[in-house]
Amino acid sequence: MTITKTIFSGFGGQGVLVMGYVLATSGMHDDKHVTFLPSYGAEVRGGTANCTVTVSDEPIASPVASFPDFAVLMNTPSLVKFEEGIKAGGIVFLNSDLVELKPKRRDIQVVSIPINSIAERVGNVRSANMVMIGAFIQKTGLVSLKSVIRSVKSIFETKGSKVHKMNTLAIEQGSAFVK
Amino acid sequence: MDRRLMCGSHVIGEAATRAGCRFYAGYPITPQNELPEYMSKRFAKMDDAIFIQAESELAAINMVMGASMAGVRAMTSSSSPGISLKQEGISYIAGMELPAVIVNIMRGGPGLGNIAPSQQDYFQATRGGGHGGYRTIVLAPCSGQEMVTLTMKAFDLADAYRTPVLVLGDGLMGQMMEPVTFPDPIDPAATLPQKDWVLDGAGGRDSRLIASLILDPIDMEQHNWKLAGKYKAICESETRHESYLLDDAVLAVVAFGTAARIAKGAVNRVRKAGLKVGLFRPISLWPFPEKELKALSSTIKHLLVFEMNLGQMVEDVKISVGEQATVDFHGRPGGIISTPHEIAGEITKLIYRYDTG
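In the order they appear, the protein sequences are chains A and B. Residues in the first sequence are numbered consecutively from 1213, following my numbering. Residues in the second sequence are numbered consecutively from 40, following my numbering.
Worth flagging that the hints you see were computed from the coordinates, not collected in a lab. Mixed in with the good hints, there may be bad ones.
Claimed, not checked - Listed next, the in silico DSS-like pairs over lysine-lysine satisfying Cα-Cα at most 27 Å (straight line):
#	chain 1	residue 1	chain 2	residue 2
1	B	Lys265	B	Lys330
2	B	Lys388	A	Lys1299
3	A	Lys1299	B	Lys311
4	A	Lys1299	B	Lys315
5	B	Lys333	B	Lys315
6	A	Lys1365	B	Lys84
7	B	Lys330	B	Lys357
8	A	Lys1365	B	Lys80
Can you make the complete structure from the sequences, with help from the hints?
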């Protein structure tokens, strides 16, 4: 697949934009073409947030997704909003701890992951987005896991080694869950 | 090459700094707050640069006017309603023949509007914007990398023609992140040509006057003819556009900025289905690439103009091609971001209507 579009969506505060930023940064490190398009309404913690990331082997024409190949949905409202638009044969990644509904469509693949539970086991529910990005990368192979860990390290450089260790563990646990 | 993933507003800020911009004044407004944010941080680390968060848009544009008079490369930025407030100052800057770079990260309007991406200020940007029949050069980037080149170019053009230059983006261009690379920064003191008109203290030389108040109509007519000559020269040498897959096309989409990116996605899609469709993207909105578009319409007989407004650039397209080609329009105002498949649908409809391709 030469061009791939992914929508990340969830509550503000779940690290949805960070997930997209990590994917875009990792894609750049892997010498791909990338665009990161955040939604930027009058967002508040607890409101909805989403972003569209395109990863491509060729220059990217439109950063906007007509029908995303992948959707990473961290809460119920995200599923309601984005299920319809996912490309047939695409994959939806659900945070099964928080998404109360099941997708209705039969032409998409569903990967359910208890993101919050895994993050809590890792040591902090705030690393939920890292668990999800680990699972996402393992399943899609869009970029290398090595690039993701490197990107996360550089993005959170100022937070120190303790945070880096937890992030790395969370990414690995998410990855292991879908292996 | 060192690639950096940055949002458009930050890219403009870094490009401006590297182009030798040493004065920035602005007043906050979404969706361009990342630009003053960037300038404040960037200039704080420099000895020869000044950042001011002004008390208003009016103050900001007039500070830029003053900095420009003193010979410094100066920039301000805002979003649609804020740009309206700056228009008086922009008219003065044009009248006084001062270089300045003004960035408009457009939002939905009219009035206070919303903060979503839109292209509703095309008329305002390309017709001068304020009073007095002046023009501003308008550059419309459609990618992070083009924001680098066009922002830097904007400073060169502003100096070369002593005229305000607008960089016209929208919320999507300002917020979207793409990997970019930057050329080495210039040292403005060492590299830029001396300006022989600046107000830098008359000690030892005759005094200079920079003013837009010219009371005698004979003198004012002369001044207007002088500006007209300059605008003619700009029209002759400063049009910019991109042609994409036009060689065998039977229909061309005409779009700028964000709309052009979406249209390009649509063109790629309908090409896969075998439709011979290309894209003509004006990069300079004023001067508009009129001759180039006219030449195109001698072979491509159907044009679809797509804008994130209800039809503004379409007027320039019609003026350019006259009766040589059909000109259809598709627009979404108010901050709606069309998808490529929506535009692909419009293209397909026209291919059927004109029974071509």
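Check your understanding: Any of the earlier hints contradicted here, and which numbers?
Key -> none
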